[in-house]
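Residue strings, one per chain:
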Amino acid sequence: MAEGPGSLADLLDLDRLASLGVDLDGEAVTDGSMSHTWHEYARQADQVAMALQAVGVRHRDRVAIRLPKTAWSFVVVHGILRSGAVVVPVDPLAAPDHAASVIADAEVSAIVTDHRLRAATDLVTTIGVPVVVAEAGTSWAQSLHDGGVEVAVVADDVSASAGLPPVSPSPEDDAYLIYTSGSTGRPKGIVHTHASALAYADAAASHYRVGPADRAASVAGLHFDQSTFELYAAPLAGATVVVVPDVVLRFPASTVDLLDREQTTIWYTVPHVLRQLVERGGLDGREWPAVRLVKYGGESYPPALLAELMGALPKAVVSNVYGPAEVNQCTAFELPAPPVGDEAIPLGAAWGAAAIAVVDPDDRGAEIDVGVGELLVAGPTMMRGYWNRPDLTAERIIEREGGRWYVTGDLVDRFEDGTLRFVGRSDNQVKVRGQRVELEAVDAALAAAPSIHGSGVTGAVAVVDRSDPAGDVVVAVVERPDGSTDDTPIETTDGLANETTDRTANETTDRTSDGAAGFARRLVAELAAVLPAAAIPTRVVAVRALPRTTSGKIDRLAAQGLVGSHSA
Amino acid sequence: MSLESTTPAALDDAFVTDLVSFIEDEVSAIDDPIEASSDLLLTGAVDSMGIVLVVQWIEARLGITIDPADVVLEHFISVDAMAEYLRGRLS
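Heads up: the protein sequence lines correspond to chains A and B, in order. Take 14 as the starting number for the first sequence in the numbering used here and just add one per residue. Take -18 as the starting number for the second sequence in the numbering used here and just add one per residue.
The hints are simulated quantities; they were obtained by calculation from the structure and are not laboratory data. Heads up, a few of these hints could be off.
Unchecked claim - Here are the in silico distance ranges between beta carbons for each label pair:
hint, chain 1, residue 1, chain 2, residue 2, range
1, A, Val543, B, Ala10, 34 to 42 Å
2, B, Asp(-6), A, Ala108, 45 to 53 Å
3, B, Ser2, A, Leu570, 28 to 36 Å
4, A, Leu570, B, Thr46, 34 to 42 Å
5, B, Ala10, A, Glu412, 40 to 48 Å
6, A, Ser480, B, Ser2, 47 to 55 Å
7, B, Ser2, A, His128, 28 to 36 Å
8, A, Glu412, B, Asp51, 55 to 63 Å
Claimed, not checked - Under 7 Å between C-beta atoms, here's a sample of chain B residues computed to sit facing chain A:
hint, residue
9, Leu22
10, Met30
11, Pro49
12, Leu71
Note that the coordinates shown come from a computational prediction; the quantities given were computed from them, not determined experimentally. Ideal placement from N, C-alpha and C gives every residue a C-beta, glycine not left out.
Just chain A, same shape as in the assembly (with noise of 0.2 Å):
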């Protein structure tokens, strides 16, 4: 292989991309509308470079990007990493107040957005910033001053690009910062150096065999850590990306026919998405020749409807992707064959670029070699720290056996010949009635429970009441968007679950024969027979659309508040 790139700004070196064997004038990223070849990648990542430098943008300076997820916001994300800026990527759906409140916390000296974004929200003028106008299309503009705001306006224009002065990062430069919303509802950024995305990169594309032959789907938004697969291992190892834009990506029929029409090879998203491809898309009826690697990671992926997915792509290996954004990847699972029965997928093994550590989480010395504990990480995959948050990285990164560890809260049980299967959130774990509870333990019985299939509910969720002065309870919360009811959840007391255990028996006011009534019975007859006394919902709450994440998982937490605004 070629020498590697020193930073992510030279993943576009048009020189290393030949040595690797790409041909410049084929195709490096579309969005089915919209194509660039390699040249036109590079010569605009360079004009966008320009624009930031044109209105003050300075080497290791953080610049924001708001834009819906295109092909051009691909080259929007490299331009800044040419500028040997430090790429912030916002969610362009998200509230404005989060995006402000991102865009404020990571400081940064310009914002890269198109018109459209900027007309609806007006985050540029509070926060007083630079800001940068960039949409394909338009014609190249120099920088000029709007309400009190220095503007640039980026286009593709070829004389341009001829004075971009070297910007050479570091390896130990911060190169781009992932926001996750935090529990206590202040976002933290999560600082990855162009050192740790790149060996992100580079053990993605090696494990993964990527080549200049692949055509990597790229479903995840920018703000999301798996999208760092397609905007950094794709061009390392020389692969084309196919985004999907943020508005295909909300019909399942029109992602379908994207992903086939395009050709792709690899697709990377969450079980949430595959699922709506199975179940609305019509992923099925199709033949899929081009597709050999499916990779998915987030959230465990119901084991009947991976096999629901498995069969209709009979040629491509399925991945189980485990790892934190904190780390990007640090274990692969490759399905030998579609899962039979219940049993939950494992995550596999450390990939080669991280070291694990499963250890007892009262006393972090003391390893577990079969058995469950805490998962800690170590490698080069690990993130810097968090943005400005000594106190949290400091929780996080602890020191052990002279390296850094990474504590990912997650807990684990290691089998015997290393591999790992995934238990819970370690605040995950609850205690009702002195029982320890994994929730993911109930979300799980939630998922295989018959009831839940053919009654129209398409999520369903456990999160612990802490209302009940009697003490934790676990609670299902199941979402229905048929409607059957209004938008209030409908709460049913039952009475099944207090016989199992040894409680005083709820009022149960609704055990007549309607629908919802006879629904949660069976629900929890059905879980009964599976689950703990403890860890069996003592209700079912139904409601018409569960809270998700922007990346499609379910928000427990949100799920959680929906509980404990409707108590008894």
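Could you slot chain B onto chain A? The hints should help.
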């Protein structure tokens, strides 16, 4: 809720007005007023769950079933686009 008692078929001005109101009142997560021609997707007014709700509303109102394969961006980008798609389907 009187949706089920509505007689099927009528794809008239009231359909468009009612659908706009439904999206504004029940679906949209943003404050901006919505018109039949508004792009519902770029603005985030209708997210993926919102699309499910809109499809269900249309199915109940018109007494039809919409094939998931027809639930594509071009047909649902605006209320006008939905009406045009439905006119083609019902004719």
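Worksheet item: If you check each hint against the structure, which ones fail?
Response: Hint check: 2, 6, 12 fail, others pass.
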